[in-house]
Amino acid sequence: MSFNLETAAHPEKLRRVAIDPVSRVEGHGKVTLLLDEQNKVHQVRLHIVEFRGFERFIQGRPYWEVPVMVQRLCGICPVSHHLAAAKALDRVLGVKHLTPTAEKMRRLMHYGQMLQSHALHFFHLSSPDLLFGFDSDVAKRNIVGVAEKYPETAKKGVLLRKFGQEVIRCTAGKRVHGTGAIPGGVNKSLSRAERDALLADIYRIVAWSREAVHLARELHTSNPALYNSFGIFRSNMLSIVGHNGDLDFYHGSLRARDDNGGIIFDGVDYQGYNTILEEEVKPWSYMKFPYIKSLGKEQGWYKVGPLARVQNCDRIPTPLAEAERREFIDYAGGTPMHAPLAYHWTRMIEVLHAAEVIKDLLHDDDILGNDLMTEGARQQEGVGVIEAPRGTLIHHYQVDENDLVTLCNLIVSTTHNNQAMNEAVRHVARRYLHGKEITEGLLNHIEVAIRAFDPCLSCATHALGKMPLEVELLDAEGRCLDRLAKHGDGRFYPGLGQGA
Amino acid sequence: MSDTFILDGREIPFAPGQTILQAAMAAGVYIPRLCYHPEFKPHGSCKLCTVKVNGRHTASCTYKAAPGLEVESNTEELNAERRTLVQMLFVEGNHFCPSCEKSGDCQLQATAYELGMMSPHFDHFFPDRPVDASHPDLLLDFNRCILCSLCVRASRDVDKKNVFALAGRGIGSHLIVNAASGRLADTNVALEDKAVQVCPVGVILRKRRGFAVPIGQRTYDKAPISGQARTTWQEEG
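Chains A and B are the protein sequences, given in the same order. Adding 583 to a residue's 1-based position in the first sequence gives its number in the numbering used here. Adding 5 to a residue's 1-based position in the second sequence gives its number in the numbering used here.
These are calculated hints, taken from the structure and not from any lab test. Hints may contain errors.
[What the hints assert, rightly or not] A short, non-exhaustive set of chain B residues, derived as facing chain A with CB atoms under 7 Å:
id: 1; residue: G14
id: 2; residue: P18
id: 3; residue: P21
id: 4; residue: N99
id: 5; residue: L143
id: 6; residue: L144
id: 7; residue: K212
id: 8; residue: R213
id: 9; residue: G215
id: 10; residue: F216
id: 11; residue: A217
id: 12; residue: G221
Note that the Cβ used here is the ideal one computed from N, Cα and C, for glycine as well.
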């Protein structure tokens, strides 16, 4: 935790390894490893070299356009941005409490998203690594391979995601990039036909979600030597928690724990997020590095997402998921679990919780109501925070008297996990990089470590095994010592420019 | 017993004084158009309603129907030309349908779908056109203006206020607000004005109303613009 990622006392003596995955959708990520003269990893940098500019071009736009516009940040969990923006703009309208119908419709949308996004990540993106092994045949290490060898597992994964998408469609009008939430409320409630169609499937979805938790648990507990230590580092953890410390993805107050589970702060109103969190800019990445102000840059970084949430809360307010949480906490032995691969287990516990909450909401007649909007006294500023699938998501806007946005600040989940991912990669690299030679195994292991956090670039780094990936080992003068590239067909070549 | 002309092989009746477009709409035949509105004098500027009359191109919104005319409209050639016109409208302004509150209710978008426009084809101009949010209840987003002049005509002919005008010439043509400051807040425009109701795209907007109609219930979610021609026309007319 005290390791300084940035400084190299004698950088001229270091060699540089660049791992450069080419992105399709979510931008472009790249890893460089700096090696010392003994060929040991000295530094790791995960560079996010995409630049989106949303915070700038939202300025000057009318505020009611924002929830629809900003969701275009992402195609996997756009609902998170949609809802975080709507929550922030609720506050601009002076609305602190939505109508029951509006709040429940938004929750339904959000938990549907949590279900589909987590299912996508676990079954489509990560299960090939976990079921077949990190170094298994790349031609089989994809969702198609899973479907061949474990057809029932793959099918349930696909249908879990489909159900989540259907919940989003019924609440937002479209499976991707809908318009359900508007500042002050929502634009629709469920029809009886929509509710009945979702109810017809939900019990099967809850059962399958439970099986998914057991699959993730089984994978973890059957290979503790790997799962408990792969890429492990200790860190603080941040999330919002709901009423009475319940796990809550939609609303709550900020809580942070240290690496031993002790409370750093709790019950913090997120309208004041910028009094407790600070962002550091580093010259080699467009992604900022947030940290807890009171602890400083060196000690204040943290992880977010399922592993943080499930351990940050006091309980999960649905019985099946709560039983699974208890089992996870017992397995960890009463101290926080920090192993990155435990993200998968906790992610599936959250899938089960999401399914249970959806079931409860579908039985609540408020979701059929007609009272959709609330008004309040207009304010100039608002902050909206939500627990997105990948972790805490913060949207902050200022709006002028003409209703135009004058300031926009977004701290997205993957940004919170920036330092944490760097740490995980560093630990993996230290363990699996030997000498000056870059091996296929090293690439695979680094990918698995990054993927555990489900960063938004994971879809780009795991597009059905077709990710082009290039690693270069350079000395300080830029001389290439070694090069290895993986092409879309999964074969390896000495450099992307050859053998294509 | 009225006279008739032939439109795409079909006999269309017309009343004296009707244009080809008016007669076609009355007969339930869709001819694409953006600057035409039944309550205003035809403008003939968008050219989308261009048809071939006895082999020659002409705007059907201004060409008077006459007995025995042979008119072509729904042909591959004419629709390809219309598609190009729509593509040019899209690249000339800043039309970002994904975040536009008029999406689903926009005639430009609906016409582009109708004509099978799959891409803008041309390079975008990306003009810099700041919005006018000065009015407490109305927003002007000039980024989406297609210069149909419907607001100009409505404000001049119906509201008698002359709030809007087109200024400049050729590629420099642009919508302006008739106030010394150039700001909508400094005009006598009112929410109930006809000029506020007629914008076919997303320029003149009621504030704080965006996205209130859910997807699935917007105008063109229910039927494409060609499927609405008859009822819309008959209701309006």
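Right, here's what the structure says about each hint:
| no. | hint | in the structure |
| --- | --- | --- |
| 1 | G14 | violated, 39 Å |
| 2 | P18 | violated, 41 Å |
| 3 | P21 | violated, 47 Å |
| 4 | N99 | violated, 11 Å |
| 5 | L143 | violated, 11 Å |
| 6 | L144 | holds, 6 Å |
| 7 | K212 | holds, 6 Å |
| 8 | R213 | holds, 6 Å |
| 9 | G215 | holds, 4 Å |
| 10 | F216 | holds, 5 Å |
| 11 | A217 | holds, 5 Å |
| 12 | G221 | holds, 6 Å |
Hint violations for this structure: numbers 1, 2, 3, 4, 5, all remaining hints satisfied.
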